[in-house]
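Enquirer: Each chain is listed here by its residues.
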Amino acid sequence: MGKSRVRNNIRKLRFFRDEMTQQQLADKVGVTRQTIIAMEQEKYSPSLELAFRIALVFGVPLGEVFSYDPEDDPI
Amino acid sequence: MSYQEKNITVSLVNFTLILGFYLIRVLQMIQGGSFNSTNVFRLWGTIIVLAVVVTILATILTHIVSGIIDAIITKQEPDIKDIQDERDTTIDLRGTKITYFVSSIGGFLSMLTFVLGQSPLIMFTLLVFFGVLAQIIGDISRLYLYRRGF
Numbered sequence: 001m002g003k004s005r006v007r008n009n010i011r012k013l014r015f016f017r018d019e020m021t022q023q024q025l026a027d028k029v030g031v032t033r034q035t036i037i038a039m040e041q042e043k044y045s046p047s048l049e050l051a052f053r054i055a056l057v058f059g060v061p062l063g064e065v066f067s068y069d070p071e072d073d074p075i
Numbered sequence: 001m002s003y004q005e006k007n008i009t010v011s012l013v014n015f016t017l018i019l020g021f022y023l024i025r026v027l028q029m030i031q032g033g034s035f036n037s038t039n040v041f042r043l044w045g046t047i048i049v050l051a052v053v054v055t056i057l058a059t060i061l062t063h064i065v066s067g068i069i070d071a072i073i074t075k076q077e078p079d080i081k082d083i084q085d086e087r088d089t090t091i092d093l094r095g096t097k098i099t100y101f102v103s104s105i106g107g108f109l110s111m112l113t114f115v116l117g118q119s120p121l122i123m124f125t126l127l128v129f130f131g132v133l134a135q136i137i138g139d140i141s142r143l144y145l146y147r148r149g150f
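Chains as they are written, first to last, in our numbering: chain B, 1 to 75; chain H, 1 to 150.
Please keep in mind that the hints were generated in silico from the structure rather than gathered at the bench. One should not assume that every hint holds.
Selected chain B positions facing chain H (Cβ under 8 angstroms, derived; list incomplete) [as the list claims (entries may be wrong)]: (1) Thr21; (2) Gly30; (3) Gln34; (4) Lys43; (5) Leu48; (6) Leu50.
Even glycine gets a Cβ: it sits at the ideal position worked out from N, Cα and C.
My request is simple: use the sequences and hints to build the entire structure.
Expert: Below you can see the structure in the form of structure tokens.
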């Protein structure tokens, strides 16, 4: 519960795409604006499919949008 | 507040009022000496009809009113987005799981009163009580997951 260990650069990538709004990104990837907000606040880890769709919108590899923080990993 | 959160809030308020109404009616029946099978089963029917009809009507009314308020504030056509994405589905599933869990515990406790020699009416009364309570707890957990994240 709480913060996800999956980090992302969605806010930064939106800024470099002419300050794309959260709603515009949400419409392009087919989710609600609340889900984009939750992802940016790292309160929600998207499915692999949604992660790929977001990377595709920004035209960058998946690893440039999302990264994994192994700290506190129980494994 | 998103479309889904509004639905959950309406459901939560509705079921809380239904639970209040149910408890008051049961207490009135016990105090008035009319706690019998006819009245209890009539109350069952009332609760089920209220749960279905009022929830549907209240949800429709809420979206109409919030759409009007939205249009007045933004001076634009209201844009109601009723899509359910993967996060909504996951939260809904988690809420349903909690509802079933509470409902199962409630069902077990209700049966236990029967096993311990109480009247079947007590068991049926408790079944409805725990059913409505489970829905309320499920709604609260959904709202909590929307606010807190997971």
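Enquirer: None of the hints should be skipped; say for each whether it holds.
Expert: Comparing the hints with the structure gives:
| no. | hint | verdict |
| --- | --- | --- |
| 1 | Thr21 | violated, 13 angstroms |
| 2 | Gly30 | holds, 7 angstroms |
| 3 | Gln34 | holds, 5 angstroms |
| 4 | Lys43 | holds, 2 angstroms |
| 5 | Leu48 | violated, 11 angstroms |
| 6 | Leu50 | holds, 6 angstroms |
Taken one by one, the earlier hints fail for this structure at numbers 1 and 5, listed in ascending order.
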